[in-house]
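Protein sequence lines, in the order shown, are assigned to chains A and B.
Per this note's numbering, the first sequence starts with residue 1, numbered consecutively.
Per this note's numbering, the second sequence starts with residue 1001, numbered consecutively.
It is worth saying that the hints were derived from the structure and are not from the lab.
Some hints here could point you the wrong way.
Here are the simulated SDA-like pairs of lysine to any residue, each with C-alpha atoms no more than 20 Å apart in a straight line [claimed, not checked]:
no. : chain 1 : residue 1 : chain 2 : residue 2
1   : A       : K102      : B       : V1243
2   : A       : K102      : B       : D1154
3   : B       : K1184     : B       : V1243
4   : A       : K87       : B       : P1150
5   : A       : K102      : B       : A1169
6   : A       : K87       : B       : L1168
7   : A       : K102      : B       : L1168
8   : A       : K87       : B       : P1177
9   : B       : K1184     : B       : G1072
10  : A       : K87       : B       : K1184
Residues of chain B clear of chain A, computed beta-carbon distances all greater than 10 Å [as the list claims (entries may be wrong)]:
no. : residue
11  : V1012
12  : S1033
13  : P1097
14  : T1107
15  : V1120
16  : S1166
Glycine is no exception: its CB is placed at the ideal position from the N, C-alpha and C atoms.
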Amino acid sequence: MIAVEDLTVTFDAVTALRSVDIDVEDGEFVTVIGPSGCGKTTLLRAIGGLQEPTTGRITVDGEPPAAARDAGDIGFVFQDHALLPWKSALGNVTFLRRMAGKPADEAGAADLLETVGLGGFEDARPGALSGGMKQRVAIARALHLGADVLLMDEPFGELDELTREELSVELRGIWRDTGKTVVFVTHSVPEAVLLGDRCLVMDGPPGTVASTFSIDLPRPREADVFRTERFQRETARLRDALHG
Amino acid sequence: MRWTERRRWAPVLSVGVLVAGVAAWWVATRALSIPPYLLPTPEAVATRLLASPGLYAHHALSTLLKTLLGGGLGMAVGFSLGLAVAHVAPFRRVVFPYLIALRVLPTVAVAPVLLLYLGVGFDTAVLFVALVAFFPMAVSTAAGFDRVPPRHRDLLRSVGAGRVRSLLAVGLRFALPDLVAGAKQSAVLAVVGAVVAEWVVGTSGLGYLVLVSSETVQVASMLAAVAVLVCLGVGLYGAVALVGRRLVWTG
Chain A
1 MIAVEDLTVT
11 FDAVTALRSV
21 DIDVEDGEFV
31 TVIGPSGCGK
41 TTLLRAIGGL
51 QEPTTGRITV
61 DGEPPAAARD
71 AGDIGFVFQD
81 HALLPWKSAL
91 GNVTFLRRMA
101 GKPADEAGAA
111 DLLETVGLGG
121 FEDARPGALS
131 GGMKQRVAIA
141 RALHLGADVL
151 LMDEPFGELD
161 ELTREELSVE
171 LRGIWRDTGK
181 TVVFVTHSVP
191 EAVLLGDRCL
201 VMDGPPGTVA
211 STFSIDLPRP
221 READVFRTER
231 FQRETARLRD
241 ALHG
Chain B
1001 MRWTERRRWA
1011 PVLSVGVLVA
1021 GVAAWWVATR
1031 ALSIPPYLLP
1041 TPEAVATRLL
1051 ASPGLYAHHA
1061 LSTLLKTLLG
1071 GGLGMAVGFS
1081 LGLAVAHVAP
1091 FRRVVFPYLI
1101 ALRVLPTVAV
1111 APVLLLYLGV
1121 GFDTAVLFVA
1131 LVAFFPMAVS
1141 TAAGFDRVPP
1151 RHRDLLRSVG
1161 AGRVRSLLAV
1171 GLRFALPDLV
1181 AGAKQSAVLA
1191 VVGAVVAEWV
1201 VGTSGLGYLV
1211 LVSSETVQVA
1221 SMLAAVAVLV
1231 CLGVGLYGAV
1241 ALVGRRLVWT
1251 G
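Just chain A, same shape as in the assembly (with noise of 0.2 Å):
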């Protein structure tokens, strides 16, 4: 369970956030959109420890964010990938989880990679695989983290629509089976509809929230959701939500 309480960031003379409160709760999957520049980033970073908050409070799980980042609790994903081009897939997959001080477990880091359909790929770097791919390894070496709650920047943000479509239906079927708590920041009002249960729909700068959506799909959501009739009424409302 995440929860944000009047928080507000700011840099310098700069506001990134204001007043935001946000309650994310175990295994929810939630969506975080808005126009460039009204602070999603930097919400998901406050939420994961890597931003102090100026004001407000955070919890993760009961604990201040940087306890749980500590614990290694907080599995980031990043539009970069940030792999290591000289490690192999599964040395970049087990590569966190031995930074945050858990005992090592090959075994599953190999599971993982088969589960974001990357088998037979242990050994290559990441110089050969395709953007998406890295991605991949990237959600693998978050999820071999152990940690409760997922929190994603765009991680799809630099690949190609189909790809994204092809990788954003896994994630959902991943957390489906993980029971992860997640935290999706995205550009993408597909994407956002897609995979979250609900969507926090963001203005700014400076930041706030400016509506929550709930976001009526069946589950599970498999890739011939993007053409049914309640998907595009779902992104219709949405992007509504977006320019009104």
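Start from chain A and add chain B according to the hints.
For chain B alone, coordinates are given in the frame of chain A:
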């Protein structure tokens, strides 16, 4: 295929350039009948070198020792300071400007000052070499560790990875190419530093030999010493480059 072929021919061409240079030198001394006290023939220099190999070996060893000790010391201090500059913010703000200021200072001008304080001798020479070798390593180290991308820093921080742990697992590997480049520069400068030190405060070494030979107008002896010196410098650079390439490849 073409690329590998070119690579194979490169060393041959390099040696060819050397042979051509020596040949041009030989032809010049003959054709222009330059007197040997101005420019002796290549074979005169070679004869001089082979006549007393022990002498040149002795002085070469002395220079090598100064270079290795001074260079090693300078690189170690340079690495430590570079590391501190890259990782301790106040240190960067306070110390880095002085590092740049010192870089502008011609180190050669410091040699007489060292002579004044520490006198003539081996220790003074080693210290001077260290001083000369120190700068490239310090600046390269600082720049190298700055190369860790911000997202990688975030990632490490997001799991509470400690500084030392992050440094060893990620920082060092990103910095490696710069560390190798710095070490190469430092190695070459260390040789130059050793020669300068031998001119000013030396009692032995190839630089000392060059100085004494030139004072007594023994140009053949002087050129022989220079030839040995060049071999020593190239050898040292090659050794550092080789170790560096191994490290960068294998990680």
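Notebook entry, point to check: Regarding the assertion that B/S1033 does not contact chain A, is the least Cβ-Cβ distance greater than 10 Å?
Noted result: holds (61 Å)
Item checked: Proposed proximity, B/G1072 with B/K1184 (alpha carbon, max 20 Å) -> holds (12 Å)
Notebook entry, point to check: Is the hinted pair B/K1184 and B/V1243 satisfied, with a Cα-Cα distance of at most 20 Å?
Noted result: OK: B/K1184 and B/V1243 at ~10 Å, within 20 Å.
Notebook entry, point to check: Beyond 10 Å from chain A, beta-carbon-wise, is B/T1107?
Noted result: holds (36 Å)
Notebook entry, point to check: Taking C-beta pairs only, is B/V1012 more than 10 Å away from all of chain A?
Noted result: holds (33 Å)
Check: Going by Cβ atoms, does B/V1120 stay more than 10 Å from chain A at every point?
Finding: Holds, because the least Cβ-Cβ distance between B/V1120 and chain A comes to about 48 Å, which exceeds 10 Å.
Item checked: Straight-line alpha-carbon gap A/K87 to B/L1168, limit 20 Å -> Within the cut-off at roughly 14 Å; holds.
Item checked: Non-interface label on B/S1166, tested against every C-beta of chain A at 10 Å -> Contrary to the label, B/S1166 does not stay out of reach of chain A, its closest Cβ about 7 Å off (not over 10 Å).
Check: Against chain A, does B/P1097 keep a CB gap of more than 10 Å to every residue?
Finding: holds (24 Å)
Note to self: For A/K87 and B/P1150, compute the direct alpha-carbon distance and say whether it is at most 20 Å.
What the structure shows: holds (18 Å)
Checklist line | Pair hint outcome, A/K102 versus B/L1168 [Cα-Cα no greater than 20 Å] | finding: holds (17 Å)
Notebook entry, point to check: Does the alpha-carbon distance linking A/K102 and B/D1154 stay inside the 20 Å limit?
Noted result: At roughly 18 Å apart (the allowed maximum being 20 Å), B/D1154 and A/K102 satisfy the hint.
In the structure shown, a violation is registered for the earlier hints numbered 1, 10 and 16, in ascending order.
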